[in-house]
Each structure stands twice: as structure tokens, then as C-alpha cells.
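Whenever a hint applies, use it, and build me the whole structure from the sequences.
If you want the building blocks of each chain, they are given just below.
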Amino acid sequence: MVKRKGLVINDRQLDVCDDLLRKLKQVSGSTFLALISTSGQPITTASDDYHPETLSLASLAASSFAATQQLAKILNETEFTLLFHEGKSLNLHVSQVSEQVLLIVTFGRETQVGKVRLYTQRAIDILKPIFENADEENDALTMDDDYEASAGRVIDDLFKDVEGGLNAAH
Amino acid sequence: MQTRFHLYTVPGQSYYNASRKLVLQGVDGMIFCADSQITRLDENVESYLNLWDNLMDQGDDLTKLAFIIQMNKRDLTDIFSVEDLNELLNHTNSPVIEACAVTGQGVFETLKLCCKQVIANTG
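Chains as they are written, first to last, in our numbering: chain A, 1 to 170; chain B, 1 to 123.
Hint data in this document are derived by calculation from the structure and do not stem from the laboratory. Incorrect hints may have been included.
[Stated by the list, open to error] Not close to chain A: a few residues of chain B, all C-beta gaps over 12 Å, as computed:
| hint | residue |
| --- | --- |
| 1 | Q2 |
| 2 | D28 |
| 3 | C33 |
| 4 | T39 |
| 5 | E43 |
| 6 | N44 |
| 7 | N50 |
| 8 | F67 |
| 9 | S81 |
| 10 | E87 |
| 11 | E109 |
[Stated by the list, open to error] Here are the in silico distance ranges between beta carbons for each label pair:
| hint | chain 1 | residue 1 | chain 2 | residue 2 | range |
| --- | --- | --- | --- | --- | --- |
| 12 | B | D42 | A | P129 | 30 to 38 Å |
| 13 | A | D18 | B | S81 | 23 to 31 Å |
| 14 | B | S19 | A | L158 | 26 to 34 Å |
| 15 | B | G59 | A | S64 | 21 to 29 Å |
Note that beta-carbon positions come from the ideal geometry of N, C-alpha and C, so glycine has one too.
Okay, here's the thing in C-alpha cells:
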């Protein structure tokens, strides 16, 4: 049984991740990189010209990865830590960084899979402790006092139109 | 600060339980949409128990999740009263909203309440 926790990372940790993704992109010859949570939330991305729809990509990659974990269970394997899709012009590589974080890498046919795997693994070795220690480092962080009130106002505004429309329809 | 909600639905049939489990990973809030018809009681109870089983399997603290029970199909005639459905399905004493999906009654109200509960539980 895995206890689910919230994922909190601070600005300094995010800067380290951004810097590392940029370097990984450079040395591995990949086109797009994203760190996402296993629940499908994007954390940060690195890319130059290629900008896929990150929100959908993160949700779908996380669900595919979760499906592979279920496959592992059925096959009595403790874990599958890698998901790879080979396309005609683009490849997708999703690997597990920590219990709660995945790394998405896309790269073209001109880049060797082995090179991507090698540098990705090296990056994971650096990223893993950042996320595994994130809880200890950020335990004291709390939301601003007015967060609930301000988010509540945004939600009220968001639903004002649809609720108004429904009342008018009746 | 930006807040983003991801909305997912789960398959109604319990033999898709593996898919239900996947969707529940990382969940912050849930809406249990109950069919108010008397003939659908067994399916409601089965889905309700299955939901809690899956949440406990993944180690969730049930008291920290936003949970709303939506009683759907209130426009039909052969239905349980709200009090009866409450007794049958609402052991957590969660907020209940009466709804009718075909007219939209209570639908956005449910979603709005769930969003607000999730926000209230954050931090």
C-alpha cells in the first residue's frame, strides 16, 4: 500500500530542475522535456521550438504510466520504471523519477535511444533526491491566509455565467 | 497563484475496477453521483463500497478528501426520498445535492461545492 502525499516543491528546487532539464535537453538531443506528477500535473518543461499541449500530455502520460504499474502487478513484477513509444518521426520516453514524479522526454529519429536513456538516467540520479527530500524541506510551507478566500471568489465568478444561464433556461 | 482543477469520470460498471483505481490516484475531491431510482439501490451501494475500498487500498485518509453526494434523477417518480438515500449512502455525513442531469439542475452546484471543499482542504 502506497500512502499518497501532496507534492510541494520550493522555488530553489524548481530552479535546479529547470537548469537540469535544459542541460539534459542539450546533451541528449531531445526536443521536449517535462517533469510531471504521477497524478498528471505538469511541474516544469524545457523546449525550444516544439510545444505539445502539455496539460493533456501530462495527464495521458501519467495515466499510461499508472496502467503499466498495473501490468507489472498482474505479471508479478514489482515495478516497470520506463514507458517507451516509438513513432515514425518522434519517440516518447517516460521514466519514473520518484514515487510521485515522472520525466517525459520526446526526441526525433535522428537521436539514438541509448543516448537518451543514458543521460536521462544520469539526470534522474540527480533529480531523485530533490523530490524524495522535498517533504522534509517543505513541510513548514503553508498556503497564504487569503488563498481560500481569493480562490473561492474565482470559483464563484467562474460558475456565475453557467448558473445564470441555467436559471434563465428554466 | 493559479489553481487548476482536473476533472475525471470513472466507468459506471464495476468490472472496470482497474480503470477506476487509476483515476482515483492522486484524487483531492470526489462527487458520488447516485441514481435516486429505487430499482438502482444495489448498484449504488456496490459502487459506493467499491469507491471506499479503492481509496483505502491506496492509503488515502478519507477525512482529508472533499466528498459530495449528488442524488441524481430527482425528476423521476419511483425514487427514494433524500432522507432514505442519506441513510443508505451517506455514512460520512457529507454534503448532499439533489440533481437532475437532463435539465442541469444541481449539476454545476455540485461541481462548485466540490471545488470549494478541495480548496478548503488545501494548505
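The hints, checked one at a time:
Distance check for Q2/B against chain A: the nearest CB is about 10 Å away, which does not clear 12 Å, and the non-interface claim fails. With 12 Å as the threshold on Cβ separation, the claim that D28/B sits away from chain A is violated: the shortest Cβ distance comes to roughly 9 Å. Every beta carbon of chain A lies more than 12 Å from that of C33/B, the smallest distance being close to 18 Å; the non-interface claim holds. Under the 12 Å C-beta cut-off, the non-interface status given to T39/B relative to chain A holds; the minimum distance is some 28 Å.
With 12 Å as the threshold on Cβ separation, the claim that E43/B sits away from chain A holds: the shortest Cβ distance comes to roughly 24 Å. Separation of N44/B from chain A is adequate, the least Cβ-Cβ distance of about 25 Å exceeding the 12 Å criterion. With a cut of 12 Å on Cβ distances, N50/B stays outside the contact zone with chain A, its closest approach being about 16 Å. Remark: the non-interface label on F67/B is consistent with the geometry, its nearest Cβ contact in chain A lying 15 Å away (cut-off 12 Å).
The beta carbon of S81/B sits about 23 Å from the closest Cβ of chain A, which is more than 12 Å, so the claim that it is off the interface holds. Every CB of chain A lies more than 12 Å from the CB of E87/B, the least distance being 30 Å, so the non-interface label holds. Non-interface call for E109/B relative to chain A: violated, since the shortest CB-CB distance, roughly 7 Å, does not exceed 12 Å. Between D42/B and P129/A the beta carbon distance is about 50 Å. The supplied range of 30 to 38 Å is therefore violated.
At about 56 Å, the CB distance of D18/A to S81/B disagrees with the hint of 23 to 31 Å. Range check, S19/B to L158/A: about 29 Å between beta-carbon atoms, so the 26 to 34 Å window is met. Between G59/B and S64/A the beta carbon distance is about 22 Å. The supplied range of 21 to 29 Å therefore holds.
When the structure is compared with the earlier hints, violations turn up for hints 1, 2, 11, 12, 13 and for no others.
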